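There are 2 protein chains.
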Amino acid sequence: MAKTIGGFTLPGEKGYEALTMRLAGEWGADCIRDSDGTQLSDEILKSGIPIYSTICMVRSITAWAKSNMDKLQRNFLMSAPVLAETKEIVISPLDGYFREQFIIAPWDDPKEFWQVFDRTEGNEHADWSYDGEKELVTVHHAKKGHIYTVNFLATRIWEEISMYNHITNDWGDKEHLMAVEPRYPETQEALLSFLDEWLREHKHTRVVRFTSMFYNFCWIWSDSKRNRDVFSDWGSYDFSVNPVSLRAFEAEYGYRPTSEDFINAGRHNPVHNPPSRVLRDWMEFTGKFVREFGKKCVDLVHKHGKLAYVFYDDTWVGIEPWSGHFGEFSFDGLIKCVFNAFEARLCAGVSEVKTHELRLHPYLFPTGLTGEPTFAPGGHPEKDARRYWACVRRALLRVKIDRIGLGGYLSLTEPFLDFQKEVRDIADEFRMLKSLHDEGGVWSSGIRVAVLHSWGSLRTWNCSGHMHEHPELYLNHLYEAMAGLPVEVRAISFDEVIENGVPEDVDVIINAGRAYDAWSGGDIWNNPKLVENIQKFVMAGGGLIGVGEPGAARGGMNEFKLAPILGVDRETGATICRGKLSFETEAGHFIMKDVKHAVKAFHNHVSGVYPALESSKILMAKGKDVRLAVNEFGKGRGVYLSGFTYGTTEARLLYRAILWAASREDLDGVYMTDNPVCECAYYSGSDKLIIINNSARAAFAKVRIKDRQVRVRVEAEGSVII
Amino acid sequence: MAKTIGGFTLPGEKGYEALTMRLAGEWGADCIRDSDGTQLSDEILKSGIPIYSTICMVRSITAWAKSNMDKLQRNFLMSAPVLAETKEIVISPLDGYFREQFIIAPWDDPKEFWQVFDRTEGNEHADWSYDGEKELVTVHHAKKGHIYTVNFLATRIWEEISMYNHITNDWGDKEHLMAVEPRYPETQEALLSFLDEWLREHKHTRVVRFTSMFYNFCWIWSDSKRNRDVFSDWGSYDFSVNPVSLRAFEAEYGYRPTSEDFINAGRHNPVHNPPSRVLRDWMEFTGKFVREFGKKCVDLVHKHGKLAYVFYDDTWVGIEPWSGHFGEFSFDGLIKCVFNAFEARLCAGVSEVKTHELRLHPYLFPTGLTGEPTFAPGGHPEKDARRYWACVRRALLRVKIDRIGLGGYLSLTEPFLDFQKEVRDIADEFRMLKSLHDEGGVWSSGIRVAVLHSWGSLRTWNCSGHMHEHPELYLNHLYEAMAGLPVEVRAISFDEVIENGVPEDVDVIINAGRAYDAWSGGDIWNNPKLVENIQKFVMAGGGLIGVGEPGAARGGMNEFKLAPILGVDRETGATICRGKLSFETEAGHFIMKDVKHAVKAFHNHVSGVYPALESSKILMAKGKDVRLAVNEFGKGRGVYLSGFTYGTTEARLLYRAILWAASREDLDGVYMTDNPVCECAYYSGSDKLIIINNSARAAFAKVRIKDRQVRVRVEAEGSVII
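Quick note, the sequences are listed as chains A and B, same order.
Numbered by our numbering, the letters in the first sequence go through residues 1 to 722 in order.
Numbered by our numbering, the letters in the second sequence go through residues 723 to 1444 in order.
What the hints contain is simulated information worked out from the structure, not anything from laboratory work.
Here are a few chain A residues that face chain B, going by a calculated C-beta distance under 7 Å: (1) R226; (2) D229; (3) P270; (4) M539; (5) G556; (6) I576; (7) G579.
Listed next, with one range per pair, are the computed distances between beta-carbon atoms: (8) A/A376 / B/K1424: 52 to 62 Å; (9) B/I1220 / A/E292: 51 to 61 Å; (10) A/K288 / B/S1337: 38 to 48 Å; (11) B/S1337 / A/R387: 41 to 51 Å; (12) B/S1337 / A/A376: 38 to 48 Å; (13) B/H1325 / A/K225: 33 to 43 Å.
Note that the structure is a prediction, hence the values are computed from the model and not measured.
A virtual CB, placed ideally from N, CA and C, is assigned to each residue, including glycine.
Produce the entire structure from the sequences given, and follow the hints as far as they go.
Encoded structure:
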């Protein structure tokens, strides 16, 4: 049995009532949930333990959808490019796309929504016709040697998560669920009436767990075996486009976005690229709708006397928890599935809900994300669970999370007794950490870090989805490192800095990205106000950490517009006649103090970075390529890193870089172990210090407590409380 | 003694008359020259062997220059950037520059020529004053947090080649030569009168060897030991700027270039970047002057009954042999110092002179370019000579060169008998190759390759200077590979293709560079006419070879604007949400046929290239990164290489790529060995076939001659004639 009880959500399963009840006890569960594919039996429902029930409304009324196909969700697609070898060319728009996901439906007028482009010229080509029967566009008066594409509005006939699970798990004849467009009044009526009915039916349900709201992230499939996901962006709003929304937008904003605003020459609008004005308007417009109609759903839940939690995943469009508008939904709880520590901080930091819950991994499925065995022969789910937990736990030292839980088929855990034990230990450790926060006063360095990128607070503690989707992004790794550090983190946008300067309550700015991406910033760096305000901030004593290609944009004196502060610049081929300063790496710098062993080469480093100022000091390099450099600028400081890969040593390196950038070397050794694999946190409420070991081997760590030095041994992935 | 005589220029040396005469015999020399630092004695001058005398006019009248300092050459420099922490800031323009090279002279009015820039804004800042006594600029009403620089006109007081040789060879008190500005009528008078006098004095001289003309390539030195050459570009015209030329330009073109046209935010205008309109005008203007005044000098030489050769190096500005205007000088010969084969083709292909001469390496100096011993203890000059010769020789199979020669201190060769023998063998081999051409009819594939870049014919067979200065440039390596291939090579400009399409007499286009450089093209790729014309060319059966980042420019469907033809594109971070086609490399393709061993990873490859079309075939890859791909487009073909490093296998690979791109697979095996280290050439005039071994080990090669297959053994770096 668990030593403690509570804050744990258990996935129950019909037919495994005894197991459900036994593990509920063993893990200290105070809630039982159903999952996608599982049901709860009467026995469980009536057990007296509060019940969570999951619901994803937009794919729950497929019967209605089938008789209202014109109210399915849509999105714009671009046809494959076609070379004009003759004056008249024929394009089959859907060619190459997955026909089980997309159709061209007769209810939208191509001439109202579609566009043909001469992609060689980059201009719209007006002279075309469409044969709806054959589903073919004929481009008239094409220019020989030019390439043409068709932007068209497709109707989606298979909801993406249903499609993915169906195909991945080989569900055969199981029904293809469809996603309805909630902008139509009829759809809203159908959805609310479905929800009302559902709430009545689920009389034992205490918490309604919305598997988010209405629009899935953009996930476009092709029919090519060589490239199933032709476009997949956890951050983009492409799937919220529909004639009804385009018309409503026009009525509200006075203009209508064209297909090209979304297609963007076939690039769409990835969250990783700086957003256009139209895209920002569209996001605002869509977000407002999602909140308004979402609120109606939540109100209905409340009316039935139940709580409404939201699971932040999949159909998440418009519910970004850090948007500043999240409170408008009136959700009671936010659930985040977590692979990484930064996701825990993303969840914990949202003040607009009472309950913050993490859905831990592994998911109770036979196989994992990449098809590896989990709850299947050869799997070691207990190791997976410990590894994920050790990853996430760092964040829980710094912030309080209210609940944890699991999802999937509980029955799968039956033969895995080690897993059952591991979860029991994790649950106990979680509750212990929570109690430390309840007793109050976790120590923080107080240093306020602002991550500077195109999106500002909307994308705090998150670039887009999970780390493993884009492990190349510096910012994912930086967020991950900071998630376990005693620093305050927020995100601010370039626009804010241009308009108001760097906020006064910021100590250190981080800009981390590749040239022209949304995280580095791109063309906005040619706005002198941005550079001026950052230079003023650092001149006055602020700290700047630049990673990868910070402030990179073509033209002007430097490729990195922040080079005067950072002291380094990058050779992109544009300045190969410029002599480069020779250098030797400097030993013994404050930032490098705990880096006893060489830092792993950052897997995502950029090459060609060189010292741009005699004043810059190079702390790490590979050949002539700078990896880590520091520079003083006015009263402030700049730190440059050529990349960043999360790891224990790297997290410590980053903490030291933050301390140095903020001119807070006085915090060296304060609640800080001498061994980077071990992190610690001090809680003044209980006068307790916890030391955790993030590595898979036992480790020794020394830490200063008040006036004495304590040395402890911490088991692999274990913790010690003093 | 040499087996043959002639076509060899020997550097004589006073005090070593016997050695001079002995080696003249041994090497079959028919000319004796002096060199920088050496003199010829009367005994040599009167030996009856024709004499070459070197002259570099602009640095030859330093006495006159010292009393006409206001007629020294000038150039614009940019001060170090200064951060404004107060409203008024003081900038010392020369700070950081090498004071023995540059001064700020009182004769040019700062207010007429200088500019102050707010580099944070990118705008000129008009409010400043200059204290000539203290050499300080005060910027008034500076904006706090902005960075300012001063563009200023500096006078150069030490001619760069004199400076380099002086400092490198530690010449102590030897006079610092000065470069005079030939635009002033007084300077022209002084120069012509000096030349006239010199010609009279050099009565034994048969050939006047101009160490080029008037303006050195741009070579800016700093006073920092960490970065002596702050800017060095063999291709740029910065050193031709002077009040007199600026005013003359204004009179002719109706506008005056500003300092910023040359400074370009401190980047200057490297030959490797696409040129601005002003720069092109300036080059035209300067080239015209150099030719006009150069012609006067050459005419004077002719008047004295002597021949005028030009050595294409150092003060080469305006004498580009492929400019289309080179004939206007009336030179009798062109001399090119060669490290590489492409330099031999550059020289040989110039039809406007009668005599084409190569100055071979090693130079007769104690140490080599990087300070390694040559004619000094530990040196092996015979190995160096053979290595350089083997490198250059490939080109001489394809084109005829009239003469070869050496330069430097002949006395140094005295103890190196192996070197003496090696040169004898090289001279004989050279004369043998020349005789093959004299007998006529070297076989060529007839394939006409056009290298497409910003400069067109001006930069044929050359990017800028020698290979070792920019070994990272693909084009240097491609030129080097093609120099030994039986293909015709020219360079065409983007402007030509935009205006007139791809010329009809072109079979294969090569575009090879990094994004936004002059070789790839940069923004010009957003001109749809350029893309259209190349697409039309390939559609109709043409070939396109793209290397590195061909046709790369931001925006539109693809990063590589040539992606539809090449079938690949590059992930720069802008399309990370785009799914990428998985692929397997295809074995047995025509292009890969002789690549029995793995091709070296191109040292300059770009990463992140992926197949953009299902139709593209990947022939080489590293992990997910495409290294070599082919694609069909209309009736034509595209080949992509992620980089290119010259080597024997790589040259063969390139030849096969050219054959395949041109749809000329029928030439497989035609005068082509089965072993890439051996190349061959067939001369129909003499019905001879030569096979050379480019490697440092003996090799066997099979080659088809008419209907039979011949197998020969070729010594290391040797040759066999059949």
